[in-house]
Amino acid sequence: MTDLHRSESVVAERKLAVIAELFLRRTAEVESDGAWTSTAHEVVEAEIGAALTMGRAAAGRLIGLGMSLRTRLHATREAMARGDLDMYRVRLIEDATANVSDDWIGEVEHQLLEQVLAPPRSGGTGLTGRRLTNAANRIIARLDPAGVRAKREKAQADRFVGVCAAEDGMCRILGSVPAAQGRAFDARLRELANTVCAKDLRTYEQRRADGLSALVDGAGFVQCECGRVDCGQRSRIATTARKPLVHLIMLDATLAGGDEPAYLDGYGIVDAAHAREIAADADVEPVPAPSSVVPTTYRPGAVLDTWMRVLAGGCEWLHCDVAAWNTDLDHHRPFDHSDPAAGGPTVAGNMTAYCRNHHRLKHSGHWKVTADGDIELVAPTGHRYRTRSSGLLGAGRSDAGGRDHDADRDRDHAAAAVRRRTRAQNTEARIRAERRRRRAHLDAVRRRSPGAQASGACAADEPSPF
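For the sequence shown, the UniProt record's numbering gives the first residue as 1, with consecutive numbering after it.
Hints were generated in silico from the structure; no laboratory data involved. Treat the hints loosely; a few may be bogus.
[Unchecked claim] Derived lysine to aspartate or glutamate pairs resembling EDC-like cross-links, with alpha carbons at most 20 Å apart:
| hint | residue 1 | residue 2 |
| --- | --- | --- |
| 1 | Lys154 | Glu434 |
| 2 | Lys199 | Asp158 |
| 3 | Lys154 | Asp86 |
| 4 | Lys368 | Asp330 |
| 5 | Lys199 | Asp210 |
| 6 | Lys15 | Asp3 |
| 7 | Lys368 | Asp328 |
| 8 | Lys15 | Asp84 |
| 9 | Lys368 | Glu29 |
| 10 | Lys154 | Asp328 |
| 11 | Lys154 | Asp95 |
| 12 | Lys15 | Glu114 |
| 13 | Lys15 | Glu107 |
| 14 | Lys199 | Asp230 |
| 15 | Lys15 | Asp102 |
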């Protein structure tokens, strides 16, 4: 088992090295062609995602780790190549040392690996998890105080709330918010859970979950489900519930009681009974097929817009889960603004839904898109990947109008959309800002420390007093 684990680390290091090399090559190509709308990072994300069957975020994390090993953490890379460090511990080291200056990273890494890779013959067991992170922070605080990650500030900057699909018609809500906000949220759910009478048969946890709906609707209380006519909670006057915009696509037969599943935008397939429950309190609108008359306008009309999103089911790039109503509708064959009748018609067969990131990538001219019902993406390496629309009616899409596009025209189209700053520049700016805040904090502590007036502040090149 140990040998297999070491072999896995060796292979992982080689994979990260290949990813880093690919990123550097694409960076050189992108920098020599300033008209691209997509950064090298986005280009490589797409290539890795297609080749390794993963989403954009996972591919991006591999790029970041591979580049850290190539440019900063040389000893860590060597240890991983020997099989001495696995992917988990390498990620911990990368995260802990992200703000260490180039002047100190070599020494910090050397001292840290002495503890992380403590040889068994000397009685050491190595470090992992929180102990590894703590060891890194102690070393960095001693050698490069400004490089200690401002934990609370970083956590504040990384706050988020996400909703992701789960099984059986459910979703999971996850997030990271400031402690005070989280405690207030928890207390409010507790209050809402207790707005029903004692005869309500739901568990406390179920009532807390139902409290989320009350928060979204603005109702201010959870509807009691005791079923008693004399329930004291029935006298509550509910405010008019706000109806969030949610798109549920279903066939007429399903709405009438059939078993054909429906499609919930941003989630996926839901069973027929669940779909009818959702539709019971919704505004139901038919989705007509678009007219056969080819329009001469660039933007699709409301009917075609809805029809395309129903067909697509989401971003139609490989392994992308962005909801259909959060995408752009893109012309495969570019629309001819000077002569709309000459080509690039605004029809279903000439349009595809892409999220903003993959829309930019398609227009970079680096990927080719063709289709014969399905969509085929041709990577810069020549590898071909096929993807099918995920919507309820996606399999019935017509390819009238053609899907091959002119890469040269796409690149010309991109010329005016150059990014102001690359992702690498954004990362460098963030690290500089964190180091400045940390340095300012240390200076303030020094000024408040006893004896500061007598001895004066430490010179910039003197070691930290603590």
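| query | Regarding the pair Lys15 and Glu114, is the alpha-carbon distance no greater than 20 Å? | reply | violated, 25 Å
| Pair hint outcome, Lys15 versus Asp84 [Cα-Cα no greater than 20 Å] | Holds, at about 16 Å.
| query | Does Lys154 pair with Glu434 here, judged by a C-alpha cut-off of 20 Å? | reply | holds, 8 Å
| Restraint status (C-alpha distance of Lys199 to Asp230 at most 20 Å) | holds, 11 Å
| Regarding the pair Lys368 and Glu29, is the alpha-carbon distance no greater than 20 Å? | holds, 17 Å
| Within 20 Å, alpha carbon to alpha carbon, are Lys154 and Asp86? | violated, 25 Å
| Pair hint outcome, Lys154 versus Asp95 [Cα-Cα no greater than 20 Å] | holds, 12 Å
| Pairwise hint evaluation, Asp328 against Lys368, where the allowed Cα distance is 20 Å at most | OK: Lys368 and Asp328 at ~18 Å, within 20 Å.
| request: Compare the distance between the alpha carbons of Lys15 and Asp3 with 20 Å, and conclude whether the hinted pair is satisfied. | output: holds, 19 Å
| message | Holds or violated: Lys15 and Asp102, Cα atoms, limit 20 Å. | response | violated, 25 Å
| said: Check the hint pairing Lys199 with Asp158 against an upper bound of 20 Å on the C-alpha distance. | reply: violated, 42 Å
| field | Pair hint Lys199 and Asp210, alpha-carbon separation not exceeding 20 Å | value | holds, 16 Å
The structure does not agree with the numbered hints 2, 3, 10, 12, 13, 15 stated previously, though it agrees with the rest.
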